[in-house]
Amino acid sequence: MFAAFLQYLFSGLTSGAIYALAGLGFAIIYNSSQVINFAQGEFIMIGGMSSATLVASGVPMPLAISLAMLISMAAGIALEKFAIEPARNSDVVTIIIITIGASIFMRGAAQLIWDKEFHSLPAFSGESPIAVMGATLMPQSLWVFAVSGVVIVALWWFFNRTMFGKAMLGTSHNRLAAQLVGVGVKKVLLASFALSALLGAVGGIVVTPITFTNYEAGIMLGLKGFSAAVLGGLGNGGGAIVGGLIVGIAEALASGYLSSAYKDAIAFVIILFVLFFMPNGLFGKRGTDRV
Amino acid sequence: MLAIIIASAPLGFSNTYFYDVGVNAMFNAIVCVGLNLLIGYAGQISLGHAGFFALGAYGSAILTVTYGVPPIVAMLLSAAVVGLLAFVVGRPILKLKGHYLAMATLGIGIIIHIVLKTESKITGGPDGMSLDNFSMLGFTIMGDRMWYWVSGVLLVLTVWLALNLIDSPVGRALRAVHGSEVGAEVVGVDTSSYKVLVFVVSAVFASIVGSLFAHKNGFITPDIGSFFHSVELVTMVVLGGMASIFGALIGAVILTLLPQILAAVEQYEAMILGAIMMGTMIFMPKGLLPSIVSSVKRLGGGR
Chain E
1 MFAAFLQYLF SGLTSGAIYA LAGLGFAIIY NSSQVINFAQ GEFIMIGGMS SATLVASGVP
61 MPLAISLAML ISMAAGIALE KFAIEPARNS DVVTIIIITI GASIFMRGAA QLIWDKEFHS
121 LPAFSGESPI AVMGATLMPQ SLWVFAVSGV VIVALWWFFN RTMFGKAMLG TSHNRLAAQL
181 VGVGVKKVLL ASFALSALLG AVGGIVVTPI TFTNYEAGIM LGLKGFSAAV LGGLGNGGGA
241 IVGGLIVGIA EALASGYLSS AYKDAIAFVI ILFVLFFMPN GLFGKRGTDR V
Chain Y
1001 MLAIIIASAP LGFSNTYFYD VGVNAMFNAI VCVGLNLLIG YAGQISLGHA GFFALGAYGS
1061 AILTVTYGVP PIVAMLLSAA VVGLLAFVVG RPILKLKGHY LAMATLGIGI IIHIVLKTES
1121 KITGGPDGMS LDNFSMLGFT IMGDRMWYWV SGVLLVLTVW LALNLIDSPV GRALRAVHGS
1181 EVGAEVVGVD TSSYKVLVFV VSAVFASIVG SLFAHKNGFI TPDIGSFFHS VELVTMVVLG
1241 GMASIFGALI GAVILTLLPQ ILAAVEQYEA MILGAIMMGT MIFMPKGLLP SIVSSVKRLG
1301 GGR
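Residue numbers (this note's numbering), protein chains in the order written: chain E, 1 to 291; chain Y, 1001 to 1303.
These are computed hints drawn from the structure, not numbers from a lab. Mixed in with the good hints, there may be bad ones.
[Claimed, not checked] If you want the ones that stay clear, here's a sample from chain Y, every Cβ over 12 Å from chain E, calculated: (1) P1169; (2) N1217; (3) F1283; (4) S1294.
[Stated by the list, open to error] Some chain E residues near chain Y, calculated using beta-carbon distances under 10 Å: (5) I104; (6) F105; (7) D264; (8) L275; (9) G281.
Remember, it's a predicted structure, so these values are computed and weren't measured experimentally. Glycine included, every Cβ here is placed at the ideal spot set by N, Cα and C.
Next comes chain E alone, as it looks inside the complex (with noise of 0.2 Å):
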């Protein structure tokens, strides 16, 4: 009984672990441009298929894994600069359009240089499972839950002790005073994308080992991770880790207890419910509209 529990627990905090990351890259996206990006799924795509890829082509794993995510934030870089900055001014619907049109851009770039073949990395250190109380737990998943670990902490210090990433920070409280203290907007903007794609890339490349990864891997957890940031808050970086986990583990012990084939469904009907009886979100500020 409590074996099993610990098993769902134990795949929901894997799952959840990375749609926390991929809700800090849409909060971080989202705080310092307003934007909701889309594509944040397909940077976890292509850090999962591009380290899969050359590792597969026989690049050993360290520089694999870096190149893939010199590659992720070289596409987030370009879909900043590209794409986002030359529509700054535009309504909500069109920049949601413009992300859902790279993102579909980007899953048919990754269909031409790639294919539609499932890929895998193997597992970083073993495929030996480790017994937990009657529940097993894979080196992988400990891998997933460190690596988060550390990007969590490392983003923390980065926007609460360096120069830049106050700034970043003070941008998104209010741009036109950033800009008067002397911060560059446009600096932080594409920052703010580079880092997002990062922290995609670092999702997809820990999380391919056990999930695998396909040209459309991004879309349901691009889906999921921008649940996330909507379940905690848009904007609020905890509570874009609090959403992931939340979700991660209310779909592990659903598809558990209740129906596999619902598992997907899951994140929807709590993001529903949350959002009928608070309509910012668990931690969300309560915004009021000037008129």
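We have chain E; now place chain Y onto it with these hints.
Chain Y in isolation, oriented as in the chain E frame:
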């Protein structure tokens, strides 16, 4: 004018394939005119309308095949159920703003899609369902030509209905909601009722077209309710031009034809489609029709 275009277009059609594409374009156009009332006029986004479309289609399929209900009754019954559903979820959902609204409608669409895919005892699951022609009073709509005329008449009717709605007090209230919701409330517009009303109207349009599409195709799969189809519908509206009925028509026609043309370069289809979506929105953020109209006006003014 629209009636003339629809009536004269077949002169250029050399085979039934053109009729088939034409019918699909007009089906999409009807959905888009409805969706445009919501997005373009009331300013509320929906990323879940394919869900309503699919519910209409499956409603018709299940009622006619499993329960032997006449098609017209099945269509109206499904539309009523979808309308009711939209009404029930509309109230809490339309209180949300911007990205939260996008998330909620997206969620509804995806939940519908997953239910259709999973409840295979009722819906046939991912394998889909087949159903018969649409017949009424001993008269059966068959073949692409007949469907062409039927959908043509329906499209003209829809456009007429939409144009009237926009010019009515309801339409003015909606545009006020788009301009400034608080402003509209201050002058006494019951904004949430109006928003729910358009939401229901656009959902019913989608449902009816879904039913017709199911009968015309004779076979449906859950993928007509996918997130991608919802995105396609919204893109048609925004690409053609928001808050412009004819813009929505143009958007629907272009995005129906595009995949047919791009099928020739199969490998690059997704990349080109994505690039066109990005390019149009970057260079013509208001959509094709309004941008073209304003640049023509500018040219005319210069002379």
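Restraint check, 10 Å cut-off on beta carbons, for E:F105 near chain Y
holds, 3 Å
Does Y:P1169 sit more than 12 Å from chain E, CB to CB?
holds, 23 Å
At 12 Å, judged by beta carbons, does Y:S1294 keep clear of chain E as stated?
Check passes; 15 Å lies beyond 12 Å.
Would the hint on E:G281 stand, with a C-beta cut-off of 10 Å toward chain Y?
Hint holds; E:G281 Cβ to chain Y Cβ min 8 Å, cut 10 Å.
Y:N1217 and chain E, when compared Cβ to Cβ, separated by more than 12 Å
holds, 24 Å
For the restraint on E:L275, tell me whether the closest CB of chain Y is nearer than 10 Å.
This interface hint holds because 5 Å falls under the 10 Å limit.
Next item in the hint list is E:D264. Is there a CB on chain Y closer than 10 Å to its CB?
Given a least distance of 6 Å, the restraint on E:D264 holds.
Less than 10 Å between beta-carbons is the criterion; does E:I104 satisfy it with respect to chain Y?
holds, 4 Å
No chain E beta carbon within 12 Å of Y:F1283's:
Violated, since 8 Å does not exceed 12 Å.
Figure legend: structure checked against the earlier numbered hints; the only hint not met is number 3.
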